[in-house]
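Undergrad: Here the protein sequences line up with chains A and B, keeping their order. When we follow our numbering, the leftmost residue of the first sequence carries the number 30, and every step to the right adds one. When we follow our numbering, the leftmost residue of the second sequence carries the number 30, and every step to the right adds one.
Quick caveat, the hints were computed from the structure, so don't treat them as lab data. Any given hint might turn out to be false.
Stated by the list, open to error - Using C-beta positions, here's what the derived DEER-type ranges look like: (1) B:Asp83 with A:Asn134: 58 to 66 angstroms; (2) A:Ile72 with B:Pro263: 43 to 51 angstroms; (3) A:Lys146 with B:Asn268: 54 to 62 angstroms; (4) A:Phe265 with B:Pro263: 17 to 25 angstroms; (5) A:Lys345 with B:Glu59: 50 to 58 angstroms; (6) A:Pro87 with B:Lys365: 40 to 48 angstroms; (7) A:Glu91 with B:Asp69: 35 to 43 angstroms; (8) A:Leu162 with B:Glu93: 26 to 34 angstroms; (9) B:Lys127 with A:Ile75: 46 to 54 angstroms.
As the list claims (entries may be wrong) - Non-contacting residues of chain A with respect to chain B, defined by C-beta distances greater than 12 angstroms in every case (computed): (10) Phe77; (11) Asn88; (12) Gly116; (13) Arg121; (14) Ile122; (15) Gly144; (16) Lys147; (17) Thr183; (18) Lys185; (19) Val197; (20) Glu257; (21) Ile282; (22) Val321; (23) Arg328; (24) Thr348.
To be verified - Covered, in the sense of this in silico footprint (three residues per stretch, anywhere, with C-beta under 8 angstroms from a C-beta of chain B), are these stretches of chain A: (25) 60 to 73; (26) 287 to 297.
Where is the CB? At the ideal position from N, CA and C, for every residue including glycine.
There are 2 protein chains.
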Amino acid sequence: MLRIRKTFGLLLFITLLLIGCSNEIKETKENPLPSWNNSDSKISIINFVKDVTDKNSPNFVETEDRIAVFDNDGTLWSEQPIYFQIGFTFDRIKELAKNHPEWKNEQPFKAVLEGDKKAIADAGEEGLFKLLLATHTGMTSTEFAQIVKDWVVTAKHPKLNRPYTDLVFQPMLELLEYFRANDFKTFIVSGGSIGFMRPLTEELYGIPPEQVIGSSYKTKFEIQNGKEVILRLPEFEFNNDKAGKPVAINKFIGKKPIFASGNSDGDLQMLQWTSSNDKPNFMLYVHHTDSVREWAYDRESHIGKFDKGLDEANEKGWTVVDMQKEWEVIYPFELKK
Amino acid sequence: MLRIRKTFGLLLFITLLLIGCSNEIKETKENPLPSWNNSDSKISIINFVKDVTDKNSPNFVETEDRIAVFDNDGTLWSEQPIYFQIGFTFDRIKELAKNHPEWKNEQPFKAVLEGDKKAIADAGEEGLFKLLLATHTGMTSTEFAQIVKDWVVTAKHPKLNRPYTDLVFQPMLELLEYFRANDFKTFIVSGGSIGFMRPLTEELYGIPPEQVIGSSYKTKFEIQNGKEVILRLPEFEFNNDKAGKPVAINKFIGKKPIFASGNSDGDLQMLQWTSSNDKPNFMLYVHHTDSVREWAYDRESHIGKFDKGLDEANEKGWTVVDMQKEWEVIYPFELKK
Numbered sequence: 030m031l032r033i034r035k036t037f038g039l040l041l042f043i044t045l046l047l048i049g050c051s052n053e054i055k056e057t058k059e060n061p062l063p064s065w066n067n068s069d070s071k072i073s074i075i076n077f078v079k080d081v082t083d084k085n086s087p088n089f090v091e092t093e094d095r096i097a098v099f100d101n102d103g104t105l106w107s108e109q110p111i112y113f114q115i116g117f118t119f120d121r122i123k124e125l126a127k128n129h130p131e132w133k134n135e136q137p138f139k140a141v142l143e144g145d146k147k148a149i150a151d152a153g154e155e156g157l158f159k160l161l162l163a164t165h166t167g168m169t170s171t172e173f174a175q176i177v178k179d180w181v182v183t184a185k186h187p188k189l190n191r192p193y194t195d196l197v198f199q200p201m202l203e204l205l206e207y208f209r210a211n212d213f214k215t216f217i218v219s220g221g222s223i224g225f226m227r228p229l230t231e232e233l234y235g236i237p238p239e240q241v242i243g244s245s246y247k248t249k250f251e252i253q254n255g256k257e258v259i260l261r262l263p264e265f266e267f268n269n270d271k272a273g274k275p276v277a278i279n280k281f282i283g284k285k286p287i288f289a290s291g292n293s294d295g296d297l298q299m300l301q302w303t304s305s306n307d308k309p310n311f312m313l314y315v316h317h318t319d320s321v322r323e324w325a326y327d328r329e330s331h332i333g334k335f336d337k338g339l340d341e342a343n344e345k346g347w348t349v350v351d352m353q354k355e356w357e358v359i360y361p362f363e364l365k366k
Numbered sequence: 030m031l032r033i034r035k036t037f038g039l040l041l042f043i044t045l046l047l048i049g050c051s052n053e054i055k056e057t058k059e060n061p062l063p064s065w066n067n068s069d070s071k072i073s074i075i076n077f078v079k080d081v082t083d084k085n086s087p088n089f090v091e092t093e094d095r096i097a098v099f100d101n102d103g104t105l106w107s108e109q110p111i112y113f114q115i116g117f118t119f120d121r122i123k124e125l126a127k128n129h130p131e132w133k134n135e136q137p138f139k140a141v142l143e144g145d146k147k148a149i150a151d152a153g154e155e156g157l158f159k160l161l162l163a164t165h166t167g168m169t170s171t172e173f174a175q176i177v178k179d180w181v182v183t184a185k186h187p188k189l190n191r192p193y194t195d196l197v198f199q200p201m202l203e204l205l206e207y208f209r210a211n212d213f214k215t216f217i218v219s220g221g222s223i224g225f226m227r228p229l230t231e232e233l234y235g236i237p238p239e240q241v242i243g244s245s246y247k248t249k250f251e252i253q254n255g256k257e258v259i260l261r262l263p264e265f266e267f268n269n270d271k272a273g274k275p276v277a278i279n280k281f282i283g284k285k286p287i288f289a290s291g292n293s294d295g296d297l298q299m300l301q302w303t304s305s306n307d308k309p310n311f312m313l314y315v316h317h318t319d320s321v322r323e324w325a326y327d328r329e330s331h332i333g334k335f336d337k338g339l340d341e342a343n344e345k346g347w348t349v350v351d352m353q354k355e356w357e358v359i360y361p362f363e364l365k366k
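Next up, chain A with everything else stripped away, as it sits in the complex:
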């Protein structure tokens, strides 16, 4: 018994020692963004938040106007080598193919089933729309949310062999938390589908469904056999990208944000709209520069263009984060526990 106690005591001692020596990154009031090194971006963000929350500052902003909007793909989580929602779409096509033997001979389904990247690319936007409609519509809103939740438990990122949900950006999680601790309301404003994001965002980012804005399909309220349902119809409704983003911010929130963050040309108009606020405002552009820990892609990529957003950010003096240089850690799993 004594021996066991001794051994246990030694183990505890070693454990405490190891914890003490590890580079544990902890969020504190003094250091609210521990995964950001003390670069210009971090200092600018903290100065901004201190300024707009200081009642004695001429730049003080009332709580109800502290609206912060974030793009999702490439801003809050990785978007390489494909958007996660496209990963979902491909996985669903394979799953649904059991009931669609005709897909073996029908493009673009055939291409997805065979993993034929060239044929997928050749199918273009029209092909992609067919895949999206086949996987995202034709069920009730409740059923679709469940499909997403079930998928995310087992789905693995094609390159990293990790759950997709591991690939959220630790520095941005800290930023979201920091904003909320300072009475900002945090919103996602993404080109992704609202129905795809909402089952995930509360757990991933602490952002409730009513603060998630995205692209959408038409829906319809119906009573089916005495049961009230919202049906997802096979028709696009709104593309929440580019000039769509400020339009949706105006429709869903009805106030101009004082903070916006994005990483591509699709976010430019949201950043412009935020920068036109009469109140103090802050635009954060996430620049993917880390080819080792994440992906480096600049100006042109197979998932989209990035030149206009980056040029305007530089031109107007918006804060551009150099991920490689400014982020100590990219993903939560890199944190030493």
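Given the structure of chain A, go ahead and fit chain B onto it with the hints provided.
TA: What follows is chain B alone, placed relative to chain A:
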């Protein structure tokens, strides 16, 4: 000096006596809904709130799921003899007529300018749409919000010669406050235009713009002479009425409410959707029965039909408030100060 003190003391005594005798209605923790008498509706509401907020109750609902939705016209403020937004529309037509001499001879504008009720009614829905588009679109979102704010300061209700904003329902203000004190998030889900309601709802009801859902016009983001604007286009986008209400709740909130309140057939589907929640839920139907203090209208009225909603409320045992019998006070200005 002594005499002054004595007189002051007497005045103070009389004042305190008068306050003690007046029917001052005050919200307290013990009586959160003072303008409701102790009728079935009040008791049911309080029991529901106590139940879903009691951690030891099997009916406990987590904070994030405490979503309460309210129709606006006829539920939170009076809608007689015309919807307030129609009052705004008519006033705007008269204002804008200065720049539209042709309206003197053009229907339905002529009818509004001449106060010709029959001709307005004859113009029907198509005529109404023309009036709405002429007054609600063609400007930026910021300009329109200012127009509404300017209007509401001077506008008077056509029958009561009071500001429209005086005609909010005191018992419903207390209910909104009571819900929020119990960590409910309160939303407006109205057939009225989002752009018309949002400049008013924060001050009137304590409901911020991002929790106001309504009908909408198409909008467009543009940079005009270097200035970012949202243009209100002369095209209807969404009619937030009847089956539109659950569709919008699903799109804007993404959760089923646990409480819904309405007063007409336009609210029926929202109440049905709420009643289909797996979680405990409460449907409150406001029945306009007071012909003296407000307006009594039942089943059929020139502003809409009310029979289906009322029948289903009675049939399904939803809580129907008899305004005449259950509300001690209708409007805040009736409160003794």
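Undergrad: Please verify that the nearest CB of chain B lies beyond 12 angstroms from A:Val197's CB.
TA: 20 angstroms, holds
Undergrad: May I ask you to check that A:Thr183 keeps its beta-carbon over 12 angstroms from the closest beta-carbon of chain B?
TA: Holds, since 24 angstroms exceeds 12 angstroms.
Undergrad: Confirm or reject the claim that A:Phe265 and B:Pro263 have a C-beta distance inside 17 to 25 angstroms.
TA: 23 angstroms Cβ-Cβ, so the 17 to 25 angstroms window holds.
Undergrad: Please check whether A:Glu91 and B:Asp69 have a Cβ separation lying inside 35 to 43 angstroms.
TA: 41 angstroms, holds
Undergrad: The output says A:Lys185 does not contact chain B. Does that hold with a beta carbon cutoff of 12 angstroms?
TA: With a cut-off of 12 angstroms, A:Lys185 remains clear of chain B, as the shortest Cβ separation is near 27 angstroms.
Undergrad: Holds or violated: is the Cβ of A:Arg328 farther than 12 angstroms from all Cβ atoms of chain B?
TA: 22 angstroms, holds
Undergrad: Take a look at whether the Cβ-Cβ distance between A:Ile72 and B:Pro263 falls inside 43 to 51 angstroms.
TA: With a Cβ separation near 47 angstroms, A:Ile72 and B:Pro263 satisfy 43 to 51 angstroms, so the hint holds.
Undergrad: Taking the shortest Cβ-to-Cβ distance between A:Glu257 and chain B, state whether it exceeds 12 angstroms.
TA: 4 angstroms, violated
Undergrad: Is A:Gly116 truly not at the interface, in the sense that its beta carbon sits beyond 12 angstroms from all beta carbons of chain B?
TA: About 22 angstroms separates A:Gly116 from the closest Cβ of chain B, which puts it past 12 angstroms; holds.
Undergrad: Between B:Asp83 and A:Asn134, is the Cβ distance one that fits in 58 to 66 angstroms?
TA: 59 angstroms, holds
Undergrad: Is 40 to 48 angstroms a correct range for the gap between the Cβ atoms of A:Pro87 and B:Lys365?
TA: 43 angstroms, holds
Undergrad: With 12 angstroms as the threshold, tell me whether A:Phe77 passes as away from chain B on beta-carbon distances.
TA: 20 angstroms, holds
Hint compliance for this structure: hints 3, 20, 21, 25, 26 are broken, all remaining hints hold.
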